[in-house]
Amino acid sequence: MSIYLDKNSKVIVQGITGREGLFHTQRMVAYGTTIVGGVTPGKGGTTVPKSADGHGTLPVFNTVADAVDATGATHTIIFVPPPFAADALYEAYDAGIGMAVCITEGIPTHDMLKVVATTKSMRIIGPNCPGLVSPGKALVGIMPGHVFAPGHVGMISRSGTLTYEIVDVLTKAGFGQSTCVGIGGDPIIGTTFVDCLRAFANDPETKAVVVCGEIGGSDEEDAATFIKEHLPDKPCVAFIGGRSAPKGKRLGHAGAIISGNFGTPESKLAAFAAAGVPVADRPSEIPGLLTSRKVEKSLITV
Amino acid sequence: MKLMEYQGKELFRRAGIPTPKGVHAKSVAEAVEFVEKNPGSWVLKSQVMMGGRGKAGGIKFADDATQTQTLASELFGKVLKNEQNPDGEEVRSLLIEEKVAIESEAYASITIDRATKKPVVIVSAQGGMDVEEVAEKHPDAIVKYWIDPAIGAQAFQARELAFSANLPVGYHKAFPKVLAGLYDVFMTYGANLVEINPLVLTKTGEVIASDAKVELDDNGVYKNPELNAWRNDGPADEDQAAAVAIGLGMSNYAKLDGDIGTIANGAGLGMGTMDAIRNAGGSAANFLDIGGGAQAELVKKSYNLVTSDPKVKAMFINIFGGITRGDQVALGIVEALKGDDVRKVPLVVRLTGTNEKEGREILAAAGMNPVETMDEGAKRAVEFAKG
Numbered sequence: 001m002s003i004y005l006d007k008n009s010k011v012i013v014q015g016i017t018g019r020e021g022l023f024h025t026q027r028m029v030a031y032g033t034t035i036v037g038g039v040t041p042g043k044g045g046t047t048v049p050k051s052a053d054g055h056g057t058l059p060v061f062n063t064v065a066d067a068v069d070a071t072g073a074t075h076t077i078i079f080v081p082p083p084f085a086a087d088a089l090y091e092a093y094d095a096g097i098g099m100a101v102c103i104t105e106g107i108p109t110h111d112m113l114k115v116v117a118t119t120k121s122m123r124i125i126g127p128n129c130p131g132l133v134s135p136g137k138a139l140v141g142i143m144p145g146h147v148f149a150p151g152h153v154g155m156i157s158r159s160g161t162l163t164y165e166i167v168d169v170l171t172k173a174g175f176g177q178s179t180c181v182g183i184g185g186d187p188i189i190g191t192t193f194v195d196c197l198r199a200f201a202n203d204p205e206t207k208a209v210v211v212c213g214e215i216g217g218s219d220e221e222d223a224a225t226f227i228k229e230h231l232p233d234k235p236c237v238a239f240i241g242g243r244s245a246p247k248g249k250r251l252g253h254a255g256a257i258i259s260g261n262f263g264t265p266e267s268k269l270a271a272f273a274a275a276g277v278p279v280a281d282r283p284s285e286i287p288g289l290l291t292s293r294k295v296e297k298s299l300i301t302v
Numbered sequence: 001m002k003l004m005e006y007q008g009k010e011l012f013r014r015a016g017i018p019t020p021k022g023v024h025a026k027s028v029a030e031a032v033e034f035v036e037k038n039p040g041s042w043v044l045k046s047q048v049m050m051g052g053r054g055k056a057g058g059i060k061f062a063d064d065a066t067q068t069q070t071l072a073s074e075l076f077g078k079v080l081k082n083e084q085n086p087d088g089e090e091v092r093s094l095l096i097e098e099k100v101a102i103e104s105e106a107y108a109s110i111t112i113d114r115a116t117k118k119p120v121v122i123v124s125a126q127g128g129m130d131v132e133e134v135a136e137k138h139p140d141a142i143v144k145y146w147i148d149p150a151i152g153a154q155a156f157q158a159r160e161l162a163f164s165a166n167l168p169v170g171y172h173k174a175f176p177k178v179l180a181g182l183y184d185v186f187m188t189y190g191a192n193l194v195e196i197n198p199l200v201l202t203k204t205g206e207v208i209a210s211d212a213k214v215e216l217d218d219n220g221v222y223k224n225p226e227l228n229a230w231r232n233d234g235p236a237d238e239d240q241a242a243a244v245a246i247g248l249g250m251s252n253y254a255k256l257d258g259d260i261g262t263i264a265n266g267a268g269l270g271m272g273t274m275d276a277i278r279n280a281g282g283s284a285a286n287f288l289d290i291g292g293g294a295q296a297e298l299v300k301k302s303y304n305l306v307t308s309d310p311k312v313k314a315m316f317i318n319i320f321g322g323i324t325r326g327d328q329v330a331l332g333i334v335e336a337l338k339g340d341d342v343r344k345v346p347l348v349v350r351l352t353g354t355n356e357k358e359g360r361e362i363l364a365a366a367g368m369n370p371v372e373t374m375d376e377g378a379k380r381a382v383e384f385a386k387g
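Residue numbers (the numbering used here), protein chains in the order written: chain V, 1 to 302; chain R, 1 to 387.
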């Protein structure tokens, strides 16, 4: 098992004919993801090459509804530009897609406020995220597939590139992963750390979880509280990016009120300490902390 | 994008929130002319972004045109400073407003709560002072209400808030209209924050937004293109201006105090790179996230931006490719170092992830050998900076 994504997930790509869309479609196919087609309005009926060397094709549809009808798609990944991303999410929701991964960076916050308030039955990962991967099964995102390896460590992160950094360290140390989710760095995101932790808690294949947070917001504090209450049997290890950042660079005025003392590295360290979650000072320390929490190394051969 | 008080009040008026009578004066002459034509007692309010302008001497009271002439001349060009803003901010315009007799001061704001993914309304009967201080000293005096964006702000919520925040009775009738207007501004213009502090109840029973603080989401400004005209009005943050000038996102570059320049892809890795440098005993001169999918040209411009800071003694470029492709970054690095006008500092490159093989080949052909890990790269860069 894994969370949110497995070998049976049928994925379409919204914005498949764009430069990034096509590049990453072919990489996802190469990884083994079941990509069943794509959507670009006005280019329905055409095809795109399934691989960079021209082997096979994927059908392009005018609408998500057409794509779902023709392919039975369950998942979508969205590469469309920011002004059209909310529309793409609504279209996916309207067509009955169960899970949307939104890569787009720069979507107006208010667009996402409305989208998440009105599309609650669709799981949204992101926006402004690197996507997710269940190693050895499927990758829906822009992550470099070769750093991941199948195993039993779940991984969640607010950052894309820090995820790769940590996963690279995990894989090299012999800790494969069940599912890695990059939840995205925008103010309003569809899936939070707590959502992922709830899914990991119910996933027998996930034996331990690595939480890669950042300064700002209160996602890490919420995650720590949830871990303490709901993941007694799954050892967790955390990392917090930006601990050397000078204070007050981006934290707003009324924002500071809502979160009180939340948002500082000190607050996050204290929250994880209270939940019994060790925090690594550098990514390279994470495997050692997993071992100290008696997590066994596992690299599953698929 | 932060708005000046007079701009925020313009949006308030469009949404039906009462504001004091007044005029935005861009010169001493405009200020004097207005007071000549409109005899009475006026407040001259310096239009600056910084908080605490009153204590910094940015607010004056004038009873006639002569006083206005003297005080406005004093204010225009004055650099307001306080503890939070040691560099100060120059006064370039004034808001001339009627002086109102204050009965009571309240606070109202709407901002985005990340945890609940909803707009949150914050109301307090203790207005006119720093709201964070109120929250700290009298948390009970602050009342919050989360609005479901699918439903919007309703009058019953405003009534409930007025009661639970113990707003004086004089506010009760007007408050639903004020809150509806505030929510309208918040949603229509895509604000991260709309704040009225203080929301004044006058001796004559009017409820007026005496100040206005509005911060718009930069990603959404394109929906109201007329607001772009206000962008140049305020003093732009130097770092933001520099970032935008080379095609980076506004918050993708920040100058810091150290001596090691950094370029990374992704905000997380950017911060992680700063942390790694600190862990290795050094200090980063900047944060720079080249973003996803950066092309060679942007890498080159980023290099030049970072090295334009004379403090920079060494550079650490840390790339873990996802949507960013290693070959593009490598091309940018090679291209950046080609020109004679480039400031060359000792450079450490860490390049892995998408298209890393192609990237490494490009760097190798130019005589560069990237390091394998972030820790190693940080250590090297610190050694270079120490000479």
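You may find that some hints are simply not true.
With a straight-line Cα cutoff of 27 Å, these simulated BS3-like cross-link-like pairs (lysine-lysine) come out [said to hold, decoys possible]: (1) V:K114 with R:K357; (2) R:K99 with R:K173; (3) R:K223 with V:K120; (4) R:K78 with R:K99; (5) R:K117 with R:K21; (6) R:K78 with R:K26; (7) R:K301 with V:K120; (8) R:K386 with V:K172; (9) R:K26 with V:K228; (10) R:K60 with R:K21; (11) R:K60 with V:K120; (12) R:K118 with R:K223; (13) V:K114 with R:K177; (14) R:K144 with R:K173; (15) R:K213 with V:K114; (16) R:K37 with R:K2; (17) R:K144 with R:K78; (18) V:K172 with R:K379; (19) R:K386 with R:K311; (20) V:K114 with R:K2; (21) V:K114 with R:K311; (22) R:K118 with R:K99; (23) R:K37 with R:K223; (24) R:K26 with V:K50; (25) V:K228 with R:K118; (26) V:K120 with R:K144; (27) R:K379 with V:K114; (28) R:K78 with V:K114.
Derived from the structure by calculation, the hints contain no laboratory data. As the structure is a computational prediction, the values presented were derived from the model and not from experiment.
Now for the hints, and whether the structure bears them out:
1. Between V:K114 and R:K357, the direct Cα distance comes to roughly 42 Å. Violation of the 27 Å bound is thereby established for this hinted pair.
2. Simply put, R:K99 and R:K173 have alpha-carbon atoms about 23 Å apart, close enough for the 27 Å limit, and the pair holds.
3. This hinted pair checks out: R:K223 and V:K120 have alpha carbons roughly 25 Å apart, not beyond 27 Å.
4. Distance check on the hinted pair: R:K78 and R:K99 sit about 22 Å apart at the alpha-carbon level, within 27 Å; holds.
5. For the given pair, R:K117 sits about 36 Å from R:K21 by alpha-carbon distance, which is inconsistent with the 27 Å threshold.
6. A hinted pair counts as satisfied when its Cα atoms are at most 27 Å apart, and R:K78 with R:K26 qualifies at roughly 14 Å.
7. Of the pairs offered as hints, the one joining R:K301 and V:K120 is violated, with about 42 Å between alpha carbons and a cut-off of 27 Å exceeded.
8. This hinted pair does not check out: R:K386 and V:K172 have alpha carbons roughly 31 Å apart, beyond 27 Å.
9. With a CA separation close to 57 Å, the supplied pair R:K26 and V:K228 exceeds the 27 Å bound.
10. Using a Cα cut-off of 27 Å, the hinted pair R:K60 and R:K21 holds, with the two alpha carbons roughly 16 Å apart.
11. For a cut-off of 27 Å, the pair hint linking R:K60 to V:K120 is broken: about 52 Å separates their Cα positions.
12. Taking the CA atoms of R:K118 and R:K223, the gap is near 21 Å; set against the 27 Å cutoff, the hint holds.
13. A C-alpha spacing of about 23 Å is found between V:K114 and R:K177, which places the hinted pair at or below 27 Å, so the restraint holds.
14. Taking the CA atoms of R:K144 and R:K173, the gap is about 20 Å. The hint holds against a cut of 27 Å.
15. Of the supplied pair hints, the one linking R:K213 and V:K114 holds, its CA atoms being roughly 23 Å apart against a limit of 27 Å.
16. At roughly 32 Å between alpha-carbon atoms, R:K37 and R:K2 are farther apart than 27 Å, so this suggested pair is violated.
17. Among the hinted pairs, R:K144 with R:K78 is inconsistent with the structure: their alpha-carbon atoms are about 38 Å apart, more than 27 Å.
18. Simply put, V:K172 and R:K379 have alpha-carbon atoms about 21 Å apart, close enough for the 27 Å limit, and the pair holds.
19. At roughly 12 Å between alpha-carbon atoms, R:K386 and R:K311 fall within 27 Å of each other, so this suggested pair holds.
20. Our distance criterion of 27 Å between C-alpha atoms is met by V:K114 and R:K2, whose separation comes to about 22 Å.
21. For the hint pairing V:K114 with R:K311, the CA-to-CA distance comes to about 45 Å; that exceeds 27 Å, so the pair is violated.
22. Straight-line distance between C-alpha atoms of R:K118 and R:K99 comes to about 36 Å, which puts the hinted pair past the 27 Å bound.
23. For the hint linking R:K37 to R:K223, the alpha-carbon distance of about 38 Å lies beyond 27 Å, and the restraint is violated.
24. Using a Cα cut-off of 27 Å, the hinted pair R:K26 and V:K50 is violated, with the two alpha carbons roughly 60 Å apart.
25. At most 27 Å may separate the alpha-carbon atoms for a hinted pair to count; V:K228 and R:K118 meet this at roughly 26 Å.
26. Distance hint between V:K120 and R:K144 is fulfilled; the C-alpha atoms sit about 24 Å from each other, no more than 27 Å.
27. With a CA separation close to 45 Å, the supplied pair R:K379 and V:K114 exceeds the 27 Å bound.
28. As the CA atoms of R:K78 and V:K114 are separated by approximately 43 Å, the hinted pair breaks the 27 Å bound.
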